[in-house]
Amino acid sequence: MTWSPATDAETREMLAAIGVGSIDELFAHIPAGLRAASWDLPAGLSEMAVRDRLARLASHNNVCLVNFMGGGVYDHFVPAAVDALTSRSEFYTAYTPYQPECSQGTLQAIYEYQSAICRLTGMEFANASLYDGSTAVFEATTMAVRITGRSRVVHHSSLNPIHRQVAETHAANLGLDIVEGDDPTDAACVVVQLPGFVGTLADYSCLAQRCHDAGALLVMSFYPVALGIVKTPGEMGVDIAVAEGQSLGIPAGFGGPYLGVLATRKAHVRKMPGRLAAATQDAQGRRGFVLTLQAREQHIRREKAMSNICSNEALCALRALIHMCLLGKVGIRELAVQCHSKAEYLKSRLGFATLLNDGPTFNEFALRLPRNAQDVVERMAARGFLAGLPLEPLGVGGPNDLLVAVTERRTRQELDAYAQALKDTACS
Amino acid sequence: MQLIYEKSRPGRRGVAFDPLDVPEAALPPELCRETSAALPEVSELDVVRHFTNLSRRNFGVDSHFYPLGSCTMKYNPKMAEAVAAYPGFSELHPHVASSRALHPLCQGAFEVVYELERFLAEIGGMREVSLQPIAGAHGELAGTLMMAAYHRARGNAKKKDTILVPDSAHGTNPASAAIAGFNVVEVASGPDGTLDVEAFKRALTDSVAGVMLTCPNTHGLFEPAVKEVAELTHSADALMYYDGANLNAIIGQARPGDLGFDVMHFNLHKTFATPHGMGGPGSGPVGVGARLVPFLPGPRVVQEGGLYTLATPEQSIGRVSAFFGNFMIALRAYAYILHLGGEGLKKVSENAVLNANYIYARLKDAYDRAFDGRFMHECVFSASAQARDGVHAIDIAKALLDHGFHAPTVYFPLTVKEALMIEPTETESKETLDAFCDAMLAIAARAATDPQSFHDAPATTPVGRLDEVYAARRLDCAC
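Here the protein sequences come in this chain order: A and B. Sequential numbering of the first sequence, starting at 1, is according to this note's numbering. Sequential numbering of the second sequence, starting at 1, is according to this note's numbering.
No wet-lab data here; the hints were simulated from the structure. Ideal placement from N, C-alpha and C gives every residue a C-beta, glycine not left out. Take these hints with a grain of salt, some might be off.
List of simulated lysine to aspartate or glutamate pairs, EDC-like, C-alpha gap at most 16 Å [claimed, not checked]:
{"no.": "1", "chain 1": "B", "residue 1": "346", "chain 2": "A", "residue 2": "186"}
{"no.": "2", "chain 1": "B", "residue 1": "430", "chain 2": "A", "residue 2": "375"}
{"no.": "3", "chain 1": "B", "residue 1": "227", "chain 2": "B", "residue 2": "258"}
{"no.": "4", "chain 1": "A", "residue 1": "304", "chain 2": "B", "residue 2": "167"}
If you want the ones that stay clear, here's a sample from chain B, every Cβ over 12 Å from chain A, calculated [claimed, not checked]:
{"no.": "5", "residue": "63"}
{"no.": "6", "residue": "198"}
{"no.": "7", "residue": "199"}
{"no.": "8", "residue": "235"}
{"no.": "9", "residue": "237"}
{"no.": "10", "residue": "304"}
{"no.": "11", "residue": "305"}
{"no.": "12", "residue": "318"}
{"no.": "13", "residue": "368"}
{"no.": "14", "residue": "387"}
{"no.": "15", "residue": "442"}
{"no.": "16", "residue": "451"}
{"no.": "17", "residue": "453"}
{"no.": "18", "residue": "462"}
All chains should be built: construct the whole structure from the sequences, respecting the hints.
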């Protein structure tokens, strides 16, 4: 099997033009002792056979359960136009816009994405994308360290435990003092999450003030859909806002690709990691877009760069932009109201369990069930529900604790059926 | 072209929701945003037409030859896109893996991870592979973090604080090593464009924890001393990192593990044909030899009693991404490997090297070559001769756009003045290569006779050369 078009005759012509007799001669300078010692790979399969095989593997995954699982990845509806437009190969087969004149589609889309993120968050500058929400937390942390010159980093208890682990892995050798709590004294930053990992909402305006009084920054990881109604990072005085952007039109896809969002205030833009598109003009005064402030990046600054990021998640950022455009000013609010209202309705039907949140929630909440949560989700799967995320394996709850998320896709009928099934399963 | 925000009309809608079928709930007012997010108010057709027209202002591999050196812009098979659309994969929630009780729900995805990790290990001559890193640079970071963990476990963390990187390396190498906590020392290339072994020996002190090499290097040349360098490195109790950016040149011919490398990353969006997506998403699995297996990122997919489940190595550096890396990209690469098979993968490097050498043969009299020696999957020229007439690498790049070709990589590697780095890949036909070479020859001829004519290029793109200084001064990055 091959995707190389060269015919035997063409190969001979090309070899003759090069002045060698065979393809082997092109590799003759690699000493025999350095050639592959083993090459134990299967024979190629036709497209038909590959697709059959992968369709069979896909059928070994169960995606037919009514979904109440969140924990940072949410089951939102994605309009067909998002897939249709991002499937245009002029987008997905292009690369980083190193030649801006033939990449205006990419660059204008990045500029519009940056604008949408700023409008959603109330921040002034957003970058073109980072890998995902977890690495965005790490990037925001080191950005705060660069800005403040301090090495103490405070992770608030609201932060996603997996994001915290990823940030800690990345920072292992940077000499940072990572502690838990909310005390900004001598800290580069305090990192909070909105809503918190178990769903609780809070106004962090006062913490922002305390951070600024102490010379620290407030970093916030936010849930983009929640900002349809929730007070924004900008309004709370956040300095660096990051997010897992999956909820903006990106499929769950067993964990990726997703979208790392990062936005900040003007004062900090030169310390920001990642690419940045800016408007400018050509000699005829026509508006166009280029990558700017590239001296922050690894291909110029090398070991002194703001980050090592090169490939980012541009196509996912395009998905997020198109999704936000389709939602529009009214739709993003309606989406958030639907998620919140349905979650509140479900909460009201779950009196048999204990609600663990100590404040209002958006669309996700934590329950303490009368029995082991892992047993419950296993039994609930047999009844057709992906019942939620047991918290104990993540180290943020007891054995009976379950995190439940509700999106606009859940109907009242599904919510009622879920409440009944959970009661049957957890209380029997 | 207008911005989507300039097309906004108050009251216009793109999507509609079913009426809320539960009572509407409200948040406490102090938790509510003051005004609605000013996203554009547009119809679905407004959105579709806007982004369709935006897409037409791009060059992509499907529409244009895209010989961007070091980026391996090969054809992205449609088959892989079809596979990635299977709902059994695309709709699978990753947290089903977070609870052992739910592992029966994701056995198909676990099998893809498990099998692809084994295929990649065989391809790289590595013991084990982790799909967690999200991009090539992220794989470098995971790899250098493992190197640090290795030396720490041996009680040498303080002493082993330096990584050696050739001056021809991608910028991500020193940037990744710095984030992993290392000092970076650059080693000069010799006049032949390969690593200067004597300079390398002088730099290889007791403090060296590892060496990052690209092979073939960014000059397009196989490192002839790679085995000797690996032996020297190992005798200094340091580790060898292979930057997989140029794996397309040697896939099936030589394996980094056999060359003496201890750790490497694979760029699935280069060698394994997954789309570049305007800059991403890519995928950068990291592979390791025996020394680093205990330090791999976790959790890992393992087989246990006929089922796939998860386990984390005891000395793991931890998670480098939230779940299993860019799984949907890995899935595409898995389909690519299944289709080509072992023999087809060997043909990849054969035809990639053939195409690059053919371009070199056709252009060598018109452009200065940067170094002697056999080019592999890409050829590097210098436009120094043209620059003496006032036509620089950037001018050649812009002129190529008017000929209907994406430009090569220019001004990289940094070691070559006026660099033009051309990587045709194996999926391009002889006619395309000939048309490109004809354009390059015409440009070289015109550079000698009419250098002034280059300053208005490109003339056929939606905009002409853009004012980057004005962009940086004004810093209009959002509206």
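Results of checking the hints against the structure:
no. : hint          : in the structure
1   : B/346 - A/186 : 57 Å, violated
2   : B/430 - A/375 : 61 Å, violated
3   : B/227 - B/258 : 9 Å, holds
4   : A/304 - B/167 : 15 Å, holds
5   : 63            : 6 Å, violated
6   : 198           : 20 Å, holds
7   : 199           : 18 Å, holds
8   : 235           : 19 Å, holds
9   : 237           : 18 Å, holds
10  : 304           : 16 Å, holds
11  : 305           : 16 Å, holds
12  : 318           : 4 Å, violated
13  : 368           : 19 Å, holds
14  : 387           : 19 Å, holds
15  : 442           : 18 Å, holds
16  : 451           : 18 Å, holds
17  : 453           : 15 Å, holds
18  : 462           : 5 Å, violated
Checked against the numbered hints above, the structure violates hints 1, 2, 5, 12 and 18; every other hint is satisfied.
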